[in-house]
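Each chain is listed here by its residues.
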Amino acid sequence: MNAEDAPDRVGARAVTADTAAVSYLLRLGDDALVASHRLAELVTRAPQLEEDVALSNISLDLLGQARLLLSYAGRLEEQLTGVLRTEDELAYLRDESQFVNCRLVEFPNTDFAHTVARQLLFSAYAVELYTALGGSTDGELAGIAAKAVKEAAYHRDHAARWTVRLGDGTGESARRMTRALEALWPYTAEVFASDGVARAVSGTGFGTDPAGLRPAWDAFLDGVLAEAGLQRPAVAPVAGLGGLGGRDGVHTEPFGYLLAEMQHLHRSHPGAQW
Amino acid sequence: MTRVPDPRSAEEARGIAAEVRDPELPMVNLADLGILRRVECDAAGTVTVTVTPTYAGCPAMDAIRDDIRAALAEHGYTSVEVRTELTPAWSTDRITPEGRRKLAEHGIAPPTGAAPAGGGRRVGVELSVRCPHCGSLDTREVSRFGSTACKALYSCGSCREPFDHVKPL
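Line order of the protein sequences matches chains F and Y. Under my numbering, the first sequence has 243 at position 243, and the numbering climbs by one with no breaks. Under my numbering, the second sequence has 147 at position 147, and the numbering climbs by one with no breaks.
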């Protein structure tokens with residue numbers, strides 16, 4: 001979708017700097033939370049012990065980022081509405097259509113190549129995102145970004161190494177890595193799509209318009225794919241239902257199952273602690 | 001019982017908080033790790049301790065907060081607030097020389113060199129990690145991710161022992 005054609009996606013209300021900031025933080029927080037949960041699904045199921053440890057660590061980093069971003073979104077929203085939603089309420093008590101993560105992060109693990117591809121595409125974006133947000137005019141968001149960028153750099157490195165190992169490995173590993181990249185690539189356009197929220201936070205300096213992150217992301221991906229002996233997939237972006245996507249709360253079918261599992265405990269035992 | 005405000009209190013409270021051990025690296029304390037930022041004491045006797053997490057999702061932070069409160073309570077500081085501050089982000093450069101020595105003494109290789117700049121680097125040249133058991137530099141990374149978020153798993157080519165390495169951040 002052309003950046004200029006994208007609708008301002010906060011319903012009938014005009015996008016003001018403040019509601020845009022809340023929407024923007026929810027996007028970042030939801031991306032991190034859902035990416036974290038997909039990796040958490042692999043705990044005790046990774047192909048080798050070291051990988052089990054690595055994926056759990058990455059999942060934990062992403063969960064930490066999600067907690068900071070969602071709790072900050074909740075506090076900013078409280079200033080507008082007078083009602084505070086805590087990080088737990090945002091994570092466990094919203095329905096599918098209220099989540100605004102990109103569809104890329106909700107893609108199922110399918111096989112290890114799909115996990116690697118998802119991590120590669122997402123963490124390469126996260127590095128550019130948090131590098132840019134380190135210069136946010138908002139001190140708290142800049143602080144979160146400065147923390148997250150160091151972690152994201154490790155995540156990207158991990159995924160890039162695996163991409164090279166699989167792409168430049170056996171015929172079977174290269175075939176699977178190719179298939180995974182082809183399956184996920186169509187969902188990357190949405191990550192970089194500009195819209196009203198993105199332009200509003202970019203205008204105030206609170207956030208950054210993701211469209212501007214694409215060239216650096218492309219350059220990094222080209223480098224890794226060349227080293228792995230893989231081709232950039234020639235596939236068109238996947239449009240969401242009625243032109244709407246993850247940022248509008250329109251998700252892929254597997255996402256509902258992810259939420260059901262993630263939210264089940266909290267919904268069945270509200271306030272449970274251990 | 002709340003302490004009578006005293007200019008020495010902040011300094012004493014700092015000493016107590018500094019001695020709190022990391023639950024996952026019990027050989028080092030909060031000062032050694034560089035995660036203790038400030039300890040302040042207001043006129044009402046409330047002690048405010050400011051700490052910074054190593055990693056955003058570090059699960060030890062909750063335990064550290066509880067341990068700080070418990071240690072101060074033991075010395076009569078009952079009104080304690082523990083705050084978390086992210087900026088400037090923690091880096092392994094903040095681990096003190098004393099902290100590095102204690103880590104190595106307990107079989108954990110301390111971070112080597114300065115922390116990599118956030119994000120910009122794709123392939124970097126890394127310094128060899130010295131084996132904390134035999135001192136050999138013939139070591140290799142088994143996994144960049146280890147038993148906790150802040151550590152990587154290494155093994156030594158000389159003495160064949162595996163060991164943890166606090167990875168530069």
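Note that these hints are calculated values from the structure, not bench results. For clarity, every value in this text was computed on a predicted model and none was experimentally measured. Treat each hint with caution, since some may be false.
[Unchecked claim] Interface residues of chain Y toward chain F, partial, derived using beta-carbon atoms under 8 Å:
1) 56
2) 60
3) 63
4) 86
5) 134
6) 143
7) 169
The beta carbon of each residue, even a glycine, is placed where N, CA and C say it ideally should be.
Evaluation of the provided hints:
Interface hint at residue 56 of chain Y: satisfied, since its Cβ lies 3 Å from the closest Cβ of chain F, which is below the 8 Å cut-off. A hinted interface residue such as residue 60 of chain Y counts as satisfied when its beta carbon comes closer than 8 Å to some beta carbon of chain F; here the least separation is about 11 Å, so the hint is violated. Because the closest C-beta pair between residue 63 of chain Y and chain F is about 14 Å apart, greater than 8 Å, the hint is violated. Interface hint at residue 86 of chain Y: satisfied, since its Cβ lies 4 Å from the closest Cβ of chain F, which is below the 8 Å cut-off.
Of the supplied interface hints, the one on residue 134 of chain Y is violated, with its beta-carbon coming no nearer than about 23 Å to a beta-carbon of chain F, more than 8 Å. With 8 Å as the threshold, the beta carbon of residue 143 of chain Y comes within range of chain F, its nearest partner Cβ sitting at about 4 Å, so the hint holds. For residue 169 of chain Y, the shortest C-beta to C-beta distance to chain F is roughly 5 Å, which falls under 8 Å, so the interface hint holds.
Consistency note: the structure conflicts with the earlier hints numbered 2, 3 and 5.
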